[in-house]
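Q: The lines below spell out each chain.
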Amino acid sequence: MRYLPKSPVERQDMLAAIGAKSIDELFESIPERYRLREALKLPGPLSETEVIEFFKARAAENSGGYTSFLGAGVYSHLRSVITDAIIQRGEFLTSYTPYQAEITQGTLQAIFEFQTLMCQLTGQEVANASMYDGSTATTEAVLMAERLTGRQRVLVARSVHPEYRDVLKTYAKNSGLHVEEIPYAADGTLDQKALQAALKDDVAAVVVQSPNFFGVIEPVAGLSNTAHTTGALLVVAVAEGVSLGIVKPPAEADIVAMEAQSFGLAPSYGGPFAGVVASRDKFVRQMPGRLAGQTTDSEGQRGFVLTLATREQHIRREKATSNICTNQALCALAATVHLTLLGKEGLREMAHQNLSKAQFALSELVKIPGVRRAFDAPFFNEFTIELPRSVKLVNAYMLREKIIGPFVLGTAYPELTKHALVCVTETTSRAEIERFAAALRRALEQPL
Amino acid sequence: MNVSRQRCAAPWSNPSRVEIRVVGAQSRKAREAPTANQSNMNSKIKKAGTHTNQSEGLIFEKSSPGKRAFELPPLDVPAADPAKALGASHRSEGVEGFPEVSEIEVMRHFTRLSTWNYAIDLGMYPLGSCTMKYNPRVNEFVARLDGIATEHPYQPQELSQGCLKILQLLEKCLLEITGMDSVTLQPAAGAQGELTGLLLIRAYHEKNGNPRRKVLIPDSAHGTNPATAVIAGYEVENIKSESHGQIDVEKLRDLVTEDVAALMITNPSTLGIFEERIPEITEILHAKGALLYMDGANMNALTGVTRPGDLGVDVMHLNLHKTFSTPHGGGGPGAGPVAMKKILEPFRPVPILVEKEGGRLALDQMRPDSIGRVKAFSGNFGVLVRALAYILAYGPGVRQATEDAVLNANYIRKHLEGVFDLPYSLPSMHEVVFSDAIQKKNGVNTMDIAKRLIDYGFHPYTTAFPLIVPGALMIEPTESESREECDLFIDAMRSIAEEAATNPELVKTAPHTTRVRRLDEVGAARKPILRWKPESPRSKAAD
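Residue numbers (the working numbering), protein chains in the order written: chain A, 122 to 569; chain B, 508 to 1050.
Read the hints as simulated data drawn from the structure, not as lab findings.
The reader is advised that the hints may include incorrect statements.
Said to hold, decoys possible - Using 30 angstroms as the maximum straight-line C-alpha spacing, the simulated BS3-like pairs for lysine-lysine come out as follows:
no.: 1; chain 1: A; residue 1: K369; chain 2: B; residue 2: K591
no.: 2; chain 1: B; residue 1: K574; chain 2: B; residue 2: K863
no.: 3; chain 1: B; residue 1: K591; chain 2: A; residue 2: K539
no.: 4; chain 1: A; residue 1: K369; chain 2: B; residue 2: K569
no.: 5; chain 1: B; residue 1: K795; chain 2: B; residue 2: K849
no.: 6; chain 1: A; residue 1: K440; chain 2: B; residue 2: K747
no.: 7; chain 1: B; residue 1: K1040; chain 2: A; residue 2: K403
no.: 8; chain 1: B; residue 1: K553; chain 2: B; residue 2: K947
no.: 9; chain 1: B; residue 1: K948; chain 2: B; residue 2: K672
no.: 10; chain 1: A; residue 1: K440; chain 2: B; residue 2: K714
no.: 11; chain 1: B; residue 1: K921; chain 2: A; residue 2: K142
no.: 12; chain 1: A; residue 1: K314; chain 2: B; residue 2: K591
no.: 13; chain 1: B; residue 1: K672; chain 2: A; residue 2: K513
no.: 14; chain 1: B; residue 1: K758; chain 2: A; residue 2: K440
no.: 15; chain 1: B; residue 1: K574; chain 2: B; residue 2: K551
no.: 16; chain 1: A; residue 1: K369; chain 2: A; residue 2: K321
no.: 17; chain 1: B; residue 1: K679; chain 2: A; residue 2: K162
no.: 18; chain 1: B; residue 1: K848; chain 2: A; residue 2: K294
Produce the complete structure using the sequences and hints provided.
A: Structure below.
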């Protein structure tokens, strides 16, 4: 087997050195009746060439040749070839969690840079590296708010990503948290009257997403003031990080939970991505996850170490701030490289292109009879339209034209079966937007 | 290790502009002291030598306005007016402090950083419990294919049959390997797998009328076990190991009541020892309606040889980034599938992969008894792809990997026994745990030995874990090491043991050959500096 560096003779020699007659002797602590007598029924072995052929065949059974208008938490963005070239360097790819600081300064410094970039983007003072994804980052942010306030009621906007809310509910169920949902207003933002009515002095956190699941931007500063009137913390989830290149950062939030997928990570059928929790310095000792800190060595040179480990499970066991151990370090590195490549101007330009394409797409779509914009609040690269008929039917038609239509909001919001969440990014060409508009027009002209 | 660097202007320019500087003359002064490299580099160090590596500051310190490393294609629609489109939400300035550098600077920055890391691709990584094995590059290649990396989790399922077939085949393989009835691929890492497993157990007990109150955890367990039990709403009761480091079955008998939801074991234990009395343990638990959870961190000792399902385990997680070779990446991403017996199947997290008539695959979101969703979308798909590529490469031959892993651990044990104290003498499987008891007499502890190992060209083993061994040296070579590499490791460990006896200071002040020396961790925690700020003084390294 090509991955195993031993010849049969070497194996025999090693057994002899140990003083064992056969390899089976080394497995004698496993009771005889539990030892497998036959080989496992697994496909293979496959040569490298065959492995590639297998996966190419699977790839061909997917969506090649289709144009997609899906976003809803996973976004297609331009990615430089540099990012993959760097994260595939063995020194990054095949390195362990940097507990041994002297021989992992590369990873540690990159993490420190990641933390810095995340702070700069979100307007927060401290950021961790990293959580599994945006959904678990949001959940951990809420659990952090619970620890900080000692309160157990959580008000979550219904316009937060439905899967983020689901994950929060799974974790909350057994930690004594009571999760209540706050409806959205006519313009797509959080219903502030409903929030006021639900907000009491037992609320740990108010949770919104911005841009929210309908694509619209929440008034974070105002929500922060409202939450603080009763001592609640404001948690802001950011699912589309590129928005922060042109949209004001959620600096007034107490905790930001971000999905970093948009920063150089492929959609990859939903993962691996990277979540981030960012917050205020004063809350750092309640943060979950890894943190790299700057320090000096015995000769006074600058270096980096994992720090504040007394929050973590390997030190604190049942008293840890989270059970997270392995996180998404390589994804965080990819985001660091990607954002460094984009830089200040590149990120701004990318964000501006998204905004421009979305504005253009909306203007093209609302020209179609019966199509109207559903929510009026400002949006970034996603917006909601209302169609005169079921989105599911329309999407089924468009598939015939090799278009993967927008996200069907009815799957998560029963009251919105005629509403579609359209996403366009800098990767969507004008021609594709025009083809989509034309296909939608034809779909709506089909007899029912 | 003083490095001279010439910064030369172009040959046709004024020769007086040629500067020759000694880099880091101040900061490295200590290295010119009597303990110069030569004396630290024991002649027995065969695997490693020293060589120059590049200095590099933080990327923010290289930034200069107007530089760019990436250009976008021109905008092909009318440019939006952001102030008009976004109103009060418009961020009118670029992100303050964001780097402005060129492409070559980005490439060099991260390449230089990478050279400061140790990695499996460089050599043996004997980290006990972490299973740092070779990460085949073909796995990286297939995970990046068009049609794999490009797929959106919400695209129609009829256009995702390739992705779903990958998930289905991986599920089948993991069921065959574990001997369980059902599996979920959703959890993003081992700790999330543990949580998923405990939530399944909780849902099962709840369905039977009582979620129960306690989870029993041996004192040798990974820290994630107790931390996870708390999130699942359980009280943790620790069980002391018996004198051989195994679960104290008699004590267990007393502890298991109808209030106990489960026992979480690691098998082989974190001592690398198979829990021989597992059939009895299972009986004791099941007699009271409690379930057996197995932390699969050490599955590399069992794959193809025995199956947890056959041993009576009710639910377990696998770390695909350990046993199934997906790269550790400096701390993830991983994946922590959870395999279970039939009784727990109804509670699996959504989405659930189902095969419909005609063989069409689909993801089912609606399950009334499900514990819910543990992660957005469909697990860490890209990691799952890599794990399947690994399994396909081996096929049934995966048993050979297990045998080689156990062979390597025993070979190392044989050659280091006596040189290092072996606190538990039961047979080792894939890893062996020594203690620093012998070296302690000269004031040298496990961390010192580990740090000295760096000078010998190895990554340290796991130090000070498991907690039941004071001063533990936990060594897991994996199957990826040749006899030659094992021999070099054995020589290095023996040589360090000798140094600990004859020149303990040398060991206690190690490493001597790294870019940075031992770092001030206490200072880092006392006054945390967790991000770069423009006003911070420019570092010496950057100059």
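Q: Under the constraints set out in the numbered hints, which ones does this structure not fulfil?
A: When the structure is compared with the hints, numbers 2, 9 and 15 turn out to be violated.
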